[in-house]
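Each chain, written out:
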Amino acid sequence: MRTGIMRAGTRALIVGLGSLAVLIGLAQVAVSAGWISRFILPAPTEIWTAMLELFAEEHPLQAAIATVGRTLSAIGLAIAIGVPCGWALWRYRTAGRAYEGWLGALFASPKLLLYPLFLVMMGRGFGTLLVMGWLTAVIPIVLKTREGLVSVPPVLIRVGRSFNLTDRQMLWKILLPSAAPVIFTGIRLSVIYTLIAIIALEFLLNLGGLGGLVDNLYDRYDIPGTYAAIVLVLILSIVYFRIVERIQAWLRSS
Amino acid sequence: MAEVELAMRIRKSGETRLRPETRLQIATVAGVWILWEALAWSGLFYRDIVPSSFKVIVAMGRLLATGAFYGHLGTTAYEVLVGFAIGAAAGVLLGILFGARPFLGRVMNGYILALAPAPKVIFLPVLMTAFGIGVGSKIAMAALSAFFPTVLSTAAGMALINPTLIKVGHSFNATAVQMVTRIYLPALVLPVISGLRLGLGVAIVGTLIAEIKLSNAGLGFIAIQYYERFRIPEMYAVIVIIFMLAAAANWLMTRLSDRLGRHGMPSSAEISGAA
Amino acid sequence: MKTCKALCLGAAAAMVALSASGAFAEDLVRLISNHKGDWSTVMPLLGEQQGYFKAENIKLDITWSAGGSDAQQAIITGAGDIVIQTGTLGVLSAYEKGAPIRIIGAAMTGSGGLFWYVPKDSPIKSFKEADGKTMGFSRPGSSTDLVSSALAKHFGVNPKRLPTGTPTATLTQVMSGQIDIGWSSAPVLLDKISSGEIRVIVQGDDAPDVREQTIRVDAVNANWLKAHRDVATRFMRAMWKSYEYTYSEQGMKDYSKMFDIKMDVVKAIPKYATLEAQAFWPIKGLDQTMKEAVQTKRLKKPLTQKQLDDLIQVVYKPKLK
Numbered sequence: 001m002r003t004g005i006m007r008a009g010t011r012a013l014i015v016g017l018g019s020l021a022v023l024i025g026l027a028q029v030a031v032s033a034g035w036i037s038r039f040i041l042p043a044p045t046e047i048w049t050a051m052l053e054l055f056a057e058e059h060p061l062q063a064a065i066a067t068v069g070r071t072l073s074a075i076g077l078a079i080a081i082g083v084p085c086g087w088a089l090w091r092y093r094t095a096g097r098a099y100e101g102w103l104g105a106l107f108a109s110p111k112l113l114l115y116p117l118f119l120v121m122m123g124r125g126f127g128t129l130l131v132m133g134w135l136t137a138v139i140p141i142v143l144k145t146r147e148g149l150v151s152v153p154p155v156l157i158r159v160g161r162s163f164n165l166t167d168r169q170m171l172w173k174i175l176l177p178s179a180a181p182v183i184f185t186g187i188r189l190s191v192i193y194t195l196i197a198i199i200a201l202e203f204l205l206n207l208g209g210l211g212g213l214v215d216n217l218y219d220r221y222d223i224p225g226t227y228a229a230i231v232l233v234l235i236l237s238i239v240y241f242r243i244v245e246r247i248q249a250w251l252r253s254s
Numbered sequence: 001m002a003e004v005e006l007a008m009r010i011r012k013s014g015e016t017r018l019r020p021e022t023r024l025q026i027a028t029v030a031g032v033w034i035l036w037e038a039l040a041w042s043g044l045f046y047r048d049i050v051p052s053s054f055k056v057i058v059a060m061g062r063l064l065a066t067g068a069f070y071g072h073l074g075t076t077a078y079e080v081l082v083g084f085a086i087g088a089a090a091g092v093l094l095g096i097l098f099g100a101r102p103f104l105g106r107v108m109n110g111y112i113l114a115l116a117p118a119p120k121v122i123f124l125p126v127l128m129t130a131f132g133i134g135v136g137s138k139i140a141m142a143a144l145s146a147f148f149p150t151v152l153s154t155a156a157g158m159a160l161i162n163p164t165l166i167k168v169g170h171s172f173n174a175t176a177v178q179m180v181t182r183i184y185l186p187a188l189v190l191p192v193i194s195g196l197r198l199g200l201g202v203a204i205v206g207t208l209i210a211e212i213k214l215s216n217a218g219l220g221f222i223a224i225q226y227y228e229r230f231r232i233p234e235m236y237a238v239i240v241i242i243f244m245l246a247a248a249a250n251w252l253m254t255r256l257s258d259r260l261g262r263h264g265m266p267s268s269a270e271i272s273g274a275a
Numbered sequence: 001m002k003t004c005k006a007l008c009l010g011a012a013a014a015m016v017a018l019s020a021s022g023a024f025a026e027d028l029v030r031l032i033s034n035h036k037g038d039w040s041t042v043m044p045l046l047g048e049q050q051g052y053f054k055a056e057n058i059k060l061d062i063t064w065s066a067g068g069s070d071a072q073q074a075i076i077t078g079a080g081d082i083v084i085q086t087g088t089l090g091v092l093s094a095y096e097k098g099a100p101i102r103i104i105g106a107a108m109t110g111s112g113g114l115f116w117y118v119p120k121d122s123p124i125k126s127f128k129e130a131d132g133k134t135m136g137f138s139r140p141g142s143s144t145d146l147v148s149s150a151l152a153k154h155f156g157v158n159p160k161r162l163p164t165g166t167p168t169a170t171l172t173q174v175m176s177g178q179i180d181i182g183w184s185s186a187p188v189l190l191d192k193i194s195s196g197e198i199r200v201i202v203q204g205d206d207a208p209d210v211r212e213q214t215i216r217v218d219a220v221n222a223n224w225l226k227a228h229r230d231v232a233t234r235f236m237r238a239m240w241k242s243y244e245y246t247y248s249e250q251g252m253k254d255y256s257k258m259f260d261i262k263m264d265v266v267k268a269i270p271k272y273a274t275l276e277a278q279a280f281w282p283i284k285g286l287d288q289t290m291k292e293a294v295q296t297k298r299l300k301k302p303l304t305q306k307q308l309d310d311l312i313q314v315v316y317k318p319k320l321k
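Order-wise, the sequence lines are chains C, E and S. Per this note's numbering, the first sequence starts with residue 1, numbered consecutively. Per this note's numbering, the second sequence starts with residue 1, numbered consecutively. Per this note's numbering, the third sequence starts with residue 1, numbered consecutively.
No lab work stands behind these hints: they were computed from the structure. Please note that the accuracy of each hint is not assured.
Below 27 Å or equal to it, Euclidean Cα-Cα: the simulated DSSO-like pairs (lysine-lysine) are [stated by the list, open to error]: (1) E:K55 <-> S:K120; (2) S:K160 <-> S:K125; (3) E:K55 <-> C:K111; (4) S:K153 <-> E:K55; (5) S:K253 <-> S:K284; (6) E:K55 <-> S:K257; (7) S:K284 <-> S:K297; (8) E:K55 <-> S:K192; (9) S:K253 <-> S:K271; (10) S:K97 <-> S:K125; (11) S:K317 <-> S:K59; (12) S:K257 <-> S:K192; (13) S:K241 <-> S:K284; (14) S:K317 <-> S:K297; (15) S:K192 <-> S:K120.
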C-alpha cells in the first residue's frame with residue numbers, strides 16, 4: 001500500500017516537472033521563432049542569463065533576506081500585540097462579541113489600498129511597511145487566539161479549578177497550551193498573508209527587498225531581468241511556505 | 001403565572017433595547033472618531049494627512065454628486081465582477097477536476113501552491129502586456145486573483161466529499177456533467193462559498209491596484225489622481241467608498257454562507273491562495 | 001443564393017474601397033499620458049476640447065499611466081500608439097534591446113519644471129547651504145536623481161540625497177521633518193509656494209548642464225509609425241497647437257477650471273515650464289544622456305550615430321513664435 005502511494009507521489013512529481021520542462025521548451029521555441037514577442041515573454045534562455053546576471057550584480061539574496069526580515073518583524077509585533085488582544089476578547093465576552101464581526105470584515109477588506117494613507121503619514125520607509133505588515137498579520141492572530149481559547153474543553157478548566165490554580169496559572173498551564181494549535185493556525189495564516197503584503201508593497205512603492213528588485217528591473221526596462229526576479233519571488237514563496245508547513249507539523253507532533 | 005412573568009421580563013428587556021455588545025460597538029466608534037478628530041485638529045501631522053472627518057464627508061458628498069464618479073464606479077464594478085466570475089468559475093471547475101482525478105490533482109498541486117502565495121501584483125506588467133491597458137488587464141488581474149482561493153477551497157472540499165456519494169453517482173453511470181451538477185456541486189457549496197468570499201476580496205484589491213498603475217477610469221484611477229494632486233480628503237473619500245463597497249460585498253457573502261450553515265474564517269489552504 | 005453572395009461580396013468590396021480612401025471616420029490614436037507633471041500631460045486634453053485633433057482628422061483615446069515603464073511597455077507591445085512625456089533614458093534602453101520604439105519629438109528639454117524646496121521656517125536659505133542636509137529625489141535612475149546630482153555638483157555642495165518617491169510623498173516627509181529639502185515638478189505644489197508655505201531654493205535649470213538636456217520625449221511604436229507616419233505628423237501638429245493654446249490666457253482659464261487650481265498659481269507655471277522647453281525639436285544633450293544611461297545600467301554602451309538616426313524620427317518641427 002505504502003509503496004503504491006509513494007510511487008504515485010513521485011510519479012506526480014515527475015509528470016509535474018516534466019510538463020514544466022516541456023512548457024519551457026515550447027516557450028523557447030515560440031519566442032525564438034518570433035511567434036511571441038520577446039518583450040512580452042523573453043526566451044527562457046534569456047531569462048536564465050538574466051538570472052545569472054542578477055546574482056552577479058544585484059545581490060538578490062540580500063534583498064530576499066531584507067524582505068523576510070521585514071515580514072518576520074511585522075509578525076513578531078503582531079504576535080506580541082495580537083495574542084493578548086485575542087485573550088482579552090475571550091476574557092471579556094462582550095468585547096469579543098462586539099468586535100468579532102468587525103475583525104472578520106477587516107480581515108477580508110482591501111487593506112493594501114490603505115498604503116497611500118500610511119505613506120503620507122509615515123513616509124517612505126520601514127515604518128510604513130511595518131505598520132501595514134502588522135495590520136495584515138494581527139487580525140488572524142487575534143481572531144484565532146480568541147477562537148482557540150473559546151474552544152478549550154470545559155473539563156480542562158474544571159480540572160484546573162479543582163487544583164485551585166490561580167488565574168495566571170490557569171492561563172499558562174491550561175488555557176494557552178490547549179489553545180496553542182488554533183493560535184498557531186492563526187500565526188501561520190498571518191505569516192503567509194504578511195509576506196504577500198510586504199512583497200506587494202515593496203514592489204508598488206519601490207522600497208527595496210525582493211519586491212523592490214522586481215520594480216527596479218522593470219523600471220530599467222530589463223524585461224528578462226524582471227522575469228528572473230519574479231521567478232525568485234516565486235521560489236522564495238515556495239520555500240517560505242514549505243518551511244512554515246514544516247514548523248507547524250513539528251509543533252503539532254511535539 | 002408563567003405568562004405574567006414572561007410579560008414582565010419582555011417589558012423589562014424592552015427598556016434596555018441595546019445589547020451590551022452593541023453599546024460597546026457604538027462607544028468604540030465614537031471613541032475612535034473623537035481620537036481621529038483630535039489628531040486631525042491637533043496639528044501633529046501636516047495639514048490634511050489626517051483630515052477631519054467633516055472634510056472627508058464633504059468631499060464624499062461632492063464626489064457622489066458628480067456624474068463622472070458613477071462612470072468610474074461602473075468601470076471598476078464591471079472589471080471586478082467579470083474578472084471574478086471568470087476566475088471563480090475556472091477555480092471551481094478545475095478544483096472539481098483535480099479532486100475527481102487525483103493524479104492530475106497531485107501534478108497541478110505543485111504549480112498552484114507555487115503560484116498561490118506570490119503577490120499577484122507582481123504579474124501586472126505581464127498582464128498589461130498580454131491583455132492591453134484597458135479593462136482587459138484589470139479583468140485578467142481580477143480573474144487571476146480570484147482563481148487561487150476558489151480552486152484551493154474547491155479541491156479541499158472535494159477531498160471531504162463522502163466517497164459513498166461518488167460511488168452512487170458512478171453506479172448510476174452518471175455522465176461527467178451529471179456528476180458535476182448532481183453530486184459534486186451540491187456537496188461543495190460550503191467550501192466554495194468560503195473560497196468565493198476570499199476570492200472576491202482579492203479580486204477587488206487586484207483590480208484597484210491595476211487601475212492605479214495604468215488606466216483612464218475606475219475608482220483606483222481617481223484615487224491616485226487625488227493623491228498625486230495632494231487632494232487628500234478626496235482620496236480618503238474614495239478609499240472610504242471602496243471599503244464600504246467591499247464590506248457590503250463581504251456582508252452579502254457572509255449572509256449567504258450563514259444561510260448555508262457555515263461561518264468563520266477560511267482554512268489555511270484557502271488563505272495561501274489569496275495572495 | 002448566387003445573387004445574395006454577389007451582393008455581399010460587392011458590398012464588402014465597396015466597404016474596403018471606401019475605408020481605404022479614408023472616407024470613413026477619423027484616425028484613432030491611442031495616446032498614453034502620465035499622471036505626473038499634470039500641466040504638460042494634460043495639454044492634449046485641452047487641445048482636444050478645442051477641436052485641434054478633430055481638425056486633423058484624429059480621434060484621441062487617452063489612457064493615463066502612473067508613469068515609467070508601464071507607459072513605455074504599452075507602446076512597445078502595441079497596446080498604445082503614442083506615449084508623451086516619457087523618459088529619454090527609458091526609450092534609449094528599450095531601443096538598444098531591439099524594442100520597436102521610435103522618438104518623434106522632444107517633450108521636455110532642460111528641467112525648469114523641477115524644483116527643490118524647504119518649509120518656510122527652515123534654516124536653509126539657499127541651496128549653497130545644502131551641505132550634509134537630506135535632499136529628496138523620486139527614485140534611483142530617474143531624472144530627479146540625475147538632476148539633483150548635477151545641481152549638487154554645480155553648486156559645489158554635498159547633500160545627502162535620498163529617494164523619496166512622488167511629490168506628494170515627498171511633501172509629507174519634508175513637512176514632518178524627515179527630509180530637509182523636497183522635490184516637486186510644476187505645477188504640483190505651486191499653490192504652496194504662492195501661499196508661502198514652502199520656499200523654492202533651487203530649480204532644475206540652475207545647473208547649465210541640465211538646461212541643455214532633453215529629459216523627456218514623445219515616442220511611438222515603430223511599426224505603427226511606419227504604417228501611419230502622416231497620422232503621427234498630424235498628431236504632433238495638433239499637439240503643438242494644444243501647447244500654444246494651453247499657454248494662452250484662455251487655455252490657462254480652462255486648465256484652472258478643469259483641475260480646480262487658482263488662476264494665479266496657473267499663471268506661475270510658465271515660469272517653470274516654458275513653451276520653448278517643450279519644443280519638439282531639437283533633441284539636445286544626447287551624449288550626456290547616454291553617459292548617464294550607461295552609468296545607471298540602462299544602456300550597455302552609448303548608441304552609435306546610425307542607431308540614433310534610426311531611433312529619432314521627428315515628424316514635425318514647430319516654429320516658435
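Here's how the hints hold up against the structure:
{"no.": "1", "hint": "E:K55 <-> S:K120", "result": "25 Å, holds"}
{"no.": "2", "hint": "S:K160 <-> S:K125", "result": "17 Å, holds"}
{"no.": "3", "hint": "E:K55 <-> C:K111", "result": "22 Å, holds"}
{"no.": "4", "hint": "S:K153 <-> E:K55", "result": "44 Å, violated"}
{"no.": "5", "hint": "S:K253 <-> S:K284", "result": "32 Å, violated"}
{"no.": "6", "hint": "E:K55 <-> S:K257", "result": "21 Å, holds"}
{"no.": "7", "hint": "S:K284 <-> S:K297", "result": "21 Å, holds"}
{"no.": "8", "hint": "E:K55 <-> S:K192", "result": "19 Å, holds"}
{"no.": "9", "hint": "S:K253 <-> S:K271", "result": "17 Å, holds"}
{"no.": "10", "hint": "S:K97 <-> S:K125", "result": "45 Å, violated"}
{"no.": "11", "hint": "S:K317 <-> S:K59", "result": "22 Å, holds"}
{"no.": "12", "hint": "S:K257 <-> S:K192", "result": "18 Å, holds"}
{"no.": "13", "hint": "S:K241 <-> S:K284", "result": "22 Å, holds"}
{"no.": "14", "hint": "S:K317 <-> S:K297", "result": "32 Å, violated"}
{"no.": "15", "hint": "S:K192 <-> S:K120", "result": "10 Å, holds"}
Of the hints listed earlier, those the structure fails to meet are numbers 4, 5, 10, 14, in rising order.
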